[in-house]
Amino acid sequence: MSLEGKLAAMRAMAATRIPPDRHAIMHRATEDLRNSGILDRIVAVGSPAPDFELDNHDGRRVSSAELLAGGPMVLSFFRGSW
Amino acid sequence: MHELEALQNVYTDIARLGASLVVISPELPQRTTAMAAKHNLTFPILWDELSKVAEAFGLLFSLPEDLKMVYLGFGNDLAIRNGDPSWRLPVPARFVIDAAGIVRSVQADPDYTYRPEAETTVDALRKVVDA
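Those sequence lines, one after another, are chains A and B. Quick note: the first sequence uses this note's numbering, first residue 1167, plus one each step. Quick note: the second sequence uses this note's numbering, first residue 197, plus one each step.
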């Protein structure tokens, strides 16, 4: 199944399991975030990516400079395991 | 979670194109370690303490008070989970960055319930590699 297929199933489940008042708050927060113009503030195509140096979850230090020395990078920002 | 599994499924394709795959998360590393083990995730998942890197990429936002109460009602205390009292999160986003450090592709949606297919990111990477 495609990722979107799995996510669509999760959205359908959330709509039945989450009480409507809470669901409405979540939905409005998403729309407010969209309308805040945040997408226009994200580092854009053609711009230099900010450098970073962070710890992997196993404690190993990883830097963007080191990774890019080996080639391009796919970088994904995640919200959390919850 | 489904998104990380989808990225795991294309990790070999990304590596074959000579690129790295990195995930950045605000969540405390202990929880990330447990998640990575459970789902057999083998790429680096870096801890963005206080979401400073997410902020540098322009992705960070503060959760409104009513949403914070909803999350707490679900038993999801982000201050504890992330070791950050600020209740901020990144917009989920995927970047392809070329070897010169220039952003070549951005996929981001303020609605976290939508994520791009991993294959579309691999296609964007392929264009960068072929350029």
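Among the clues, some could well be false.
[Stated by the list, open to error] Straight line, CA to CA, 27 angstroms or less: simulated BS3-like cross-link-like pairs of lysine-lysine:
no., chain 1, residue 1, chain 2, residue 2
1, B, LYS264, B, LYS248
2, A, LYS1172, B, LYS248
3, A, LYS1172, B, LYS264
[Claimed, not checked] For each label pair, taking beta carbons as the anchor points, the in silico distance ranges come out as:
no., chain 1, residue 1, chain 2, residue 2, range
4, A, ASP1217, B, ALA327, 16 to 24 angstroms
5, B, ALA275, A, ALA1235, 33 to 41 angstroms
6, A, SER1202, B, PHE270, 32 to 40 angstroms
7, A, MET1167, B, ARG212, 18 to 26 angstroms
8, A, MET1176, B, ALA233, 20 to 28 angstroms
9, B, LYS323, A, ALA1235, 20 to 28 angstroms
10, A, GLY1171, B, PHE270, 29 to 37 angstroms
11, A, ARG1227, B, GLU261, 35 to 43 angstroms
Derived by calculation from the structure, the hints in this document are not laboratory data. Ideal Cβ placement from N, Cα and C applies to all residues, glycine included.
Evaluated hints:
Distance restraint check for LYS264 of chain B and LYS248 of chain B: the Cα-Cα separation of roughly 20 angstroms lies within the 27 angstroms cut-off, and the hinted pair is therefore satisfied. With a C-alpha separation of about 30 angstroms, the suggested pair LYS1172 of chain A and LYS248 of chain B falls outside the 27 angstroms cut-off, and the hint is violated. Taken as a hint, the LYS1172 of chain A and LYS264 of chain B pair is honoured in the structure, with Cα atoms around 26 angstroms apart against an allowance of 27 angstroms. The given range of 16 to 24 angstroms is respected by ASP1217 of chain A and ALA327 of chain B, whose C-beta atoms sit roughly 22 angstroms from each other.
Against the hinted window of 33 to 41 angstroms, the Cβ-Cβ separation of ALA275 of chain B and ALA1235 of chain A comes to about 36 angstroms, which satisfies the hint. Here the CB-CB span from SER1202 of chain A to PHE270 of chain B is close to 23 angstroms, at odds with the stated 32 to 40 angstroms. Restraint check, MET1167 of chain A to ARG212 of chain B: a C-beta distance of roughly 24 angstroms satisfies the suggested window 18 to 26 angstroms. Separation of MET1176 of chain A from ALA233 of chain B is about 22 angstroms and conforms to the stated range, judged on CB atoms against 20 to 28 angstroms.
At roughly 21 angstroms, the beta-carbon separation of LYS323 of chain B and ALA1235 of chain A lies within the given 20 to 28 angstroms, and the hint holds. About 24 angstroms separates the C-beta atoms of GLY1171 of chain A and PHE270 of chain B, a value inconsistent with the hinted range of 29 to 37 angstroms. A C-beta distance of roughly 36 angstroms is found between ARG1227 of chain A and GLU261 of chain B, which places it inside the suggested range of 35 to 43 angstroms.
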